[in-house]
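Colleague: Based on the hints, put chain B in the right spot on chain G.
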Amino acid sequence: MASRPRPLSLLAPALAVLLLALVLAPLAAVGWRGAGVSLGPADAAAVRFSIAQALLSALFSTLLAIPVARALARRRFPGRSALITLMGAPFLLPAVVAVLGLLAVFGRSGLLNQVLLALGFPPISIYGLHGVVLAHIFLNLPLATRMILQGWLAIPAERIRLAQSLGFRPAETFRHLEGPMLREVLPGVAMVILVICLTSFAVVLTLGGGPSATTIELAIYQAVRFEFDLARAAGLAGLQLAVGAVAALVAWGLARPAAFGAGLDRRLDLSAPDGWRRWVDVLALTMAALFLILPLAAVLLRGVPGLLDLPAAVLPAAGRSVLVALVSTVLATVAALTLALASSRRTQPLAEAAATLPLATSGLVLGTGLFLLIQPFAPPMRLALPVTILVNVALSLPYLYRILLPETRALQAGYGRLAESLGLQGWSRLRWLILPRLARPLGFGAGIAAALSMGDLGVIALFAGQQQATLPLVVSQLTGAYRIEAAASAALILVTLSFALFWAFDAGGRRAAA
Amino acid sequence: MLRLDRLTYRQGDFQLGADWAAPAGSRIAVMGPSGAGKSTFLSLIAGFLKPTGGKILWQGQDLAALPPGNRPLTILFQDQNLFPHLTVAQNLGLGLRPDLRLTKADQARIARALDRVGLAGLDARRPAQLSGGQASRAALARALLRARPILLLDEPFAALGPALRDEMLALVRDVVDDTGALVLMVTHDPDDALALGGMMAFVSEGIVLPPVPTADLFADPTPEVQAYLRRK
Numbered sequence: 001m002a003s004r005p006r007p008l009s010l011l012a013p014a015l016a017v018l019l020l021a022l023v024l025a026p027l028a029a030v031g032w033r034g035a036g037v038s039l040g041p042a043d044a045a046a047v048r049f050s051i052a053q054a055l056l057s058a059l060f061s062t063l064l065a066i067p068v069a070r071a072l073a074r075r076r077f078p079g080r081s082a083l084i085t086l087m088g089a090p091f092l093l094p095a096v097v098a099v100l101g102l103l104a105v106f107g108r109s110g111l112l113n114q115v116l117l118a119l120g121f122p123p124i125s126i127y128g129l130h131g132v133v134l135a136h137i138f139l140n141l142p143l144a145t146r147m148i149l150q151g152w153l154a155i156p157a158e159r160i161r162l163a164q165s166l167g168f169r170p171a172e173t174f175r176h177l178e179g180p181m182l183r184e185v186l187p188g189v190a191m192v193i194l195v196i197c198l199t200s201f202a203v204v205l206t207l208g209g210g211p212s213a214t215t216i217e218l219a220i221y222q223a224v225r226f227e228f229d230l231a232r233a234a235g236l237a238g239l240q241l242a243v244g245a246v247a248a249l250v251a252w253g254l255a256r257p258a259a260f261g262a263g264l265d266r267r268l269d270l271s272a273p274d275g276w277r278r279w280v281d282v283l284a285l286t287m288a289a290l291f292l293i294l295p296l297a298a299v300l301l302r303g304v305p306g307l308l309d310l311p312a313a314v315l316p317a318a319g320r321s322v323l324v325a326l327v328s329t330v331l332a333t334v335a336a337l338t339l340a341l342a343s344s345r346r347t348q349p350l351a352e353a354a355a356t357l358p359l360a361t362s363g364l365v366l367g368t369g370l371f372l373l374i375q376p377f378a379p380p381m382r383l384a385l386p387v388t389i390l391v392n393v394a395l396s397l398p399y400l401y402r403i404l405l406p407e408t409r410a411l412q413a414g415y416g417r418l419a420e421s422l423g424l425q426g427w428s429r430l431r432w433l434i435l436p437r438l439a440r441p442l443g444f445g446a447g448i449a450a451a452l453s454m455g456d457l458g459v460i461a462l463f464a465g466q467q468q469a470t471l472p473l474v475v476s477q478l479t480g481a482y483r484i485e486a487a488a489s490a491a492l493i494l495v496t497l498s499f500a501l502f503w504a505f506d507a508g509g510r511r512a513a514a
Numbered sequence: 515m516l517r518l519d520r521l522t523y524r525q526g527d528f529q530l531g532a533d534w535a536a537p538a539g540s541r542i543a544v545m546g547p548s549g550a551g552k553s554t555f556l557s558l559i560a561g562f563l564k565p566t567g568g569k570i571l572w573q574g575q576d577l578a579a580l581p582p583g584n585r586p587l588t589i590l591f592q593d594q595n596l597f598p599h600l601t602v603a604q605n606l607g608l609g610l611r612p613d614l615r616l617t618k619a620d621q622a623r624i625a626r627a628l629d630r631v632g633l634a635g636l637d638a639r640r641p642a643q644l645s646g647g648q649a650s651r652a653a654l655a656r657a658l659l660r661a662r663p664i665l666l667l668d669e670p671f672a673a674l675g676p677a678l679r680d681e682m683l684a685l686v687r688d689v690v691d692d693t694g695a696l697v698l699m700v701t702h703d704p705d706d707a708l709a710l711g712g713m714m715a716f717v718s719e720g721i722v723l724p725p726v727p728t729a730d731l732f733a734d735p736t737p738e739v740q741a742y743l744r745r746k
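As you go down the protein sequences, you meet chains G and B in turn. Under the numbering used here, the first sequence has 113 at position 113, and the numbering climbs by one with no breaks. Under the numbering used here, the second sequence has 745 at position 231, and the numbering climbs by one with no breaks.
None of these hints come from the bench; they were simulated from the model.
If you want the ones that stay clear, here's a sample from chain G, every Cβ over 12 Å from chain B, calculated:
(1) S38
(2) S81
(3) L112
(4) A213
(5) Q222
(6) P311
A short, non-exhaustive set of chain G residues, derived as facing chain B with CB atoms under 8 Å:
(7) Y415
(8) E420
(9) G423
(10) S428
(11) W432
(12) L433
FRET-style restraints, in silico, Cβ to Cβ:
(13) A410/G / P727/B: 38 to 44 Å
(14) R75/G / G632/B: 50 to 56 Å
(15) A672/B / H176/G: 42 to 48 Å
Computed from a predicted model, the values in this text were never measured in an experiment. For glycine and all other residues, C-beta sits at the position ideal for the given N, C-alpha and C.
Just chain G, with the same shape it has in the complex:
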């Protein structure tokens, strides 16, 4: 439909080009420096391990999430909403904190080994492939559960009623209703988790390592930090980019909103079978809750005593982390809002590209490229924090954009013509229409960006010295030095700040919208 030019018609494309350059320039640097580099057997092993751990993590996270999601879909019990809320927490939980919690439960002197020793069994080790997979399950089981639960809730009430009227037993309900839904949903869920695990760094840094448990990301880190072999780092970054891009493209194709036939927009719960099936549900929910709560409780218990005796590096690092998170969040939110507003009437290919391309890359890949670009002109360490901010902006942009885009489209559809007819443009439109109407999603999106930025351990590990270390890096260093109590205290501060930032933005948005 022909329409008038928009006020953001110049600003948004310029911003999109800038953001594309922020991603493409480092990728070009990686391609240029890495071209022709021959990678050795250790690098091939890193590729194999990256893919293997991601496949196993995706497989187990998805399969284990099915009984949990089904129990949540068909049971009503006190604390159900709290459990579903808890399922959202690991997305915001810094990976280094999750690792620390898992070490407290499954580590050498953790809870599980103490029980095993008391029963006369040999202790188990969390380091290596199984530890990496375990941590990825901890971080992604909740995400998988929530995605699959959405699938269950999307089964049309009419079909459930039909099943009930035909007297379906649980086996038939599974065959005719739940099975088809799972066949639709599970590939997308598994691929999303696979992509996340392919770019996981903090988990592998602590629980992996060594020739048999190194991912491409970890190999990049080692090549930059320990060997200063930038050509090899660039070659590895190119490999990581290729693997990540293929996986992201497949995930993009497979992940779809759950919709299984037409139905009226009414909810009807699946009937909850009694007998042994009830106990299966109870077991699934209890195990999932314990699996999520125990590591976090362990961090809390271990961390509280040391809060008054923190290592000197912790508080300055916390200050730097908050600063980086706040600046990243403001920049990412402004960028995402500008792009989403530009795309609110019709899709803008440049804006879409700028908000999608970062999904195919990773912090380490971008970091390597930026390292290569900066190194001829300035010591990269000096620019550690600004570079971290830029990478955080690029990596949180896709999430923020996807959160805001449906909202800006709804706003344009609902009030765009009225605003235009009243001449509501520029600052007035922002002040009196956009900010009040989008306060809630803006607050939520900014909260997610702030928490992700606060907990990020990626590019900072490549660049930072002690003077630039952020809190996740300090936690990781303390964990690596087996100063577990101090690490737990620092982790406690990190997790508190992450959730506080999320809460502050989210609650601020909700209050502004009220």
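Modeller: Below, chain B without anything else, positioned relative to chain G:
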């Protein structure tokens, strides 16, 4: 004088044309079958759509270069005429100053406009706290405040019951009596067209026909109008 000079609009298979003029102060009901292009016609005049050809002129000035907010018109939509997060007074204030930096004189004008449409004392309410009729009155009060010489009504009272709709139409007549605005009102209801008391532009086969007196058209309807009225 509103002049539609060989105005055309095409999108895919759909096309619409108009080539006529109406003097200031005219009251024109726009009727026609669903999908004929009545709302598209108003969107072209309001500036939400760009014509494929021809011109829209007001008092000799081509409106093509003017964005919707700067055109000499006010439009009331079928719904979403008020921003739900703003108070009634703020919604009216936007009609005076989009930055809402209202002077005391502006506030006094808003109070008078609210009084004029029977909403005195409701200035601090949000739209959700108004009835459907009150929300329509508030939107009309803003149109009154903007005092633009053309008033476009895109079925703004369609969701109201018959009694309330009659009441609103009477209010529209009062307002345009005061302001002397040219009214173009899309409606599906022949009674509303008659109640507006003026002319009718019938939309048929991609053409917005020149307005003729509504009473005459109903007394001696063309075959298209006859067919349309039979379906009502």
